[in-house]
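Novice: Here is how the chains run, residue by residue.
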Amino acid sequence: MKVGIVSFPGSNCEDDAFYAVVDQLGEEAVKLWHKDHDLQCSDVIILPGGFAYGDYLRAGAIARFSPIMREVAEHANKGGIVLGICNGFQIACEAGLLPGALLRNDVGYRSMPVTIRVEHANTAFTSAAKVGDCLTMPIAHGEGRFAGSEDLLDQLENDAQVLFRYVDASGAPTVDANPNGAMRNIAGICNAARNVIGLMPHPERAVDPLLGSKDGLVLFESLLVAAHA
Amino acid sequence: MTRFRVSVHIVPRRGLLDPQGKAVTDALHTLGFASVGEVHVGRHLVIETGAADAAAAEASVRTMCARLLANPVTEDFEIAGVVKE
Numbered sequence: 001m002k003v004g005i006v007s008f009p010g011s012n013c014e015d016d017a018f019y020a021v022v023d024q025l026g027e028e029a030v031k032l033w034h035k036d037h038d039l040q041c042s043d044v045i046i047l048p049g050g051f052a053y054g055d056y057l058r059a060g061a062i063a064r065f066s067p068i069m070r071e072v073a074e075h076a077n078k079g080g081i082v083l084g085i086c087n088g089f090q091i092a093c094e095a096g097l098l099p100g101a102l103l104r105n106d107v108g109y110r111s112m113p114v115t116i117r118v119e120h121a122n123t124a125f126t127s128a129a130k131v132g133d134c135l136t137m138p139i140a141h142g143e144g145r146f147a148g149s150e151d152l153l154d155q156l157e158n159d160a161q162v163l164f165r166y167v168d169a170s171g172a173p174t175v176d177a178n179p180n181g182a183m184r185n186i187a188g189i190c191n192a193a194r195n196v197i198g199l200m201p202h203p204e205r206a207v208d209p210l211l212g213s214k215d216g217l218v219l220f221e222s223l224l225v226a227a228h229a
Numbered sequence: 230m231t232r233f234r235v236s237v238h239i240v241p242r243r244g245l246l247d248p249q250g251k252a253v254t255d256a257l258h259t260l261g262f263a264s265v266g267e268v269h270v271g272r273h274l275v276i277e278t279g280a281a282d283a284a285a286a287e288a289s290v291r292t293m294c295a296r297l298l299a300n301p302v303t304e305d306f307e308i309a310g311v312v313k314e
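The listed protein sequences correspond, in order, to chains A and B. Number 72 in our numbering belongs to position 72 of the first sequence; there are no gaps in the numbering. If you want our numbering, it's the 1-based position in the second sequence plus 229.
It is possible that some hints are incorrect.
[Said to hold, decoys possible] Facing chain A, according to a computed beta carbon distance under 8 angstroms, are these residues of chain B, among others:
hint	residue
1	Leu245
2	Pro248
3	Gln249
4	Val268
5	Leu298
6	Asn300
7	Val302
8	Thr303
Just so you know, these hints were derived from the structure itself, not from any lab. No experiment lies behind these values; they were computed from the predicted model shown. Note that the Cβ used here is the ideal one computed from N, Cα and C, for glycine as well.
Bound conformation, chain A alone (with noise of 0.2 angstroms):
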């Protein structure tokens, strides 16, 4: 399995991506400028955390608009794998690959471990793990609000495109274990076709004991059921 990891001006988690897919995984990951067209062969895409061009205007607004996105779309249309973390994720909901927005956090910047659980394991970053699995892993942001109107949200837990949700020590997605005040706890999500996955926190930065959790592990394991597939 080769993995890309897109870097724009901003960016700060390819590394940690880089980390989970090539000392944790062992398998093989490249770092892609956002300026160039070439996906060199990836079998899948990773967008990674950060705040690329500055957050300005919204996070992930203009990041959408990079040359390689036109290439990452291609690929997410072909049905190709892609992998949105944190600001990866607003700049996939920014691009249209992912439905709803990702808004301010209700409490202002947050940084914490969270626990999610999941809630569907039947897409190519879920299939290792079991649903209901509750998961430990951090959130670093200030603009992770998951947000959409109810008939989309409606469409989305029909559809079991709603994959993560924050919850308690106990696995009970409540008021105080949304650390952001996203709509119906939701933490990430796939779109209609199930390749593009999205989630505002960081499986990368929990891949090891030594990073406090290796929770996040068995998320990037199941890229590899989907690649070996």
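Let chain A serve as the given structure and place chain B on it in line with the hints.
Specialist: Here is chain B on its own, set in the frame of chain A:
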């Protein structure tokens, strides 16, 4: 081609939680402005552009709003003014 300054207001869509607006509302209430209802915090952009006439300048900025300046999922925009330079 004439130069125009087009002003745009972009605000969070009504009904969506606007934490900045709510914080400002609460502060105004604390200051005694009890009659304040809701406050909406958005962005004000001034775009200098060339166009054949004012209508064309406004139409162009509306397209810019739809494509980049406003998020169609969560924000509304209005053209606040078109001024010939």
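Novice: Next step is simple, just say for each hint if it's right about the structure.
Specialist: Consistency of the hints with the structure:
With 8 angstroms as the threshold, the beta carbon of leucine 245 of chain B comes within range of chain A, its nearest partner Cβ sitting at about 6 angstroms, so the hint holds. Annotation: proline 248 of chain B was flagged as interfacial toward chain A, and the flag holds, the nearest CB pair being 5 angstroms apart, inside 8 angstroms. Nearest Cβ of chain A to the Cβ of glutamine 249 of chain B: about 7 angstroms, under the 8 angstroms cut. The hint holds. Taking 8 angstroms as the C-beta contact cut-off toward chain A, the hint placing valine 268 of chain B at the interface is violated, the least distance being around 15 angstroms.
Here the hint on leucine 298 of chain B is kept, as its CB sits about 7 angstroms from the closest CB of chain A, short of 8 angstroms. The beta carbon of asparagine 300 of chain B comes within 6 angstroms of a beta carbon in chain A, closer than 8 angstroms, and the hint placing it at the interface holds. At its closest, the beta carbon of valine 302 of chain B sits 4 angstroms from a beta carbon of chain A; the interface hint therefore holds under the 8 angstroms criterion. With a least beta-carbon distance of about 5 angstroms to chain A, the hint placing threonine 303 of chain B at the interface is held under the 8 angstroms criterion.
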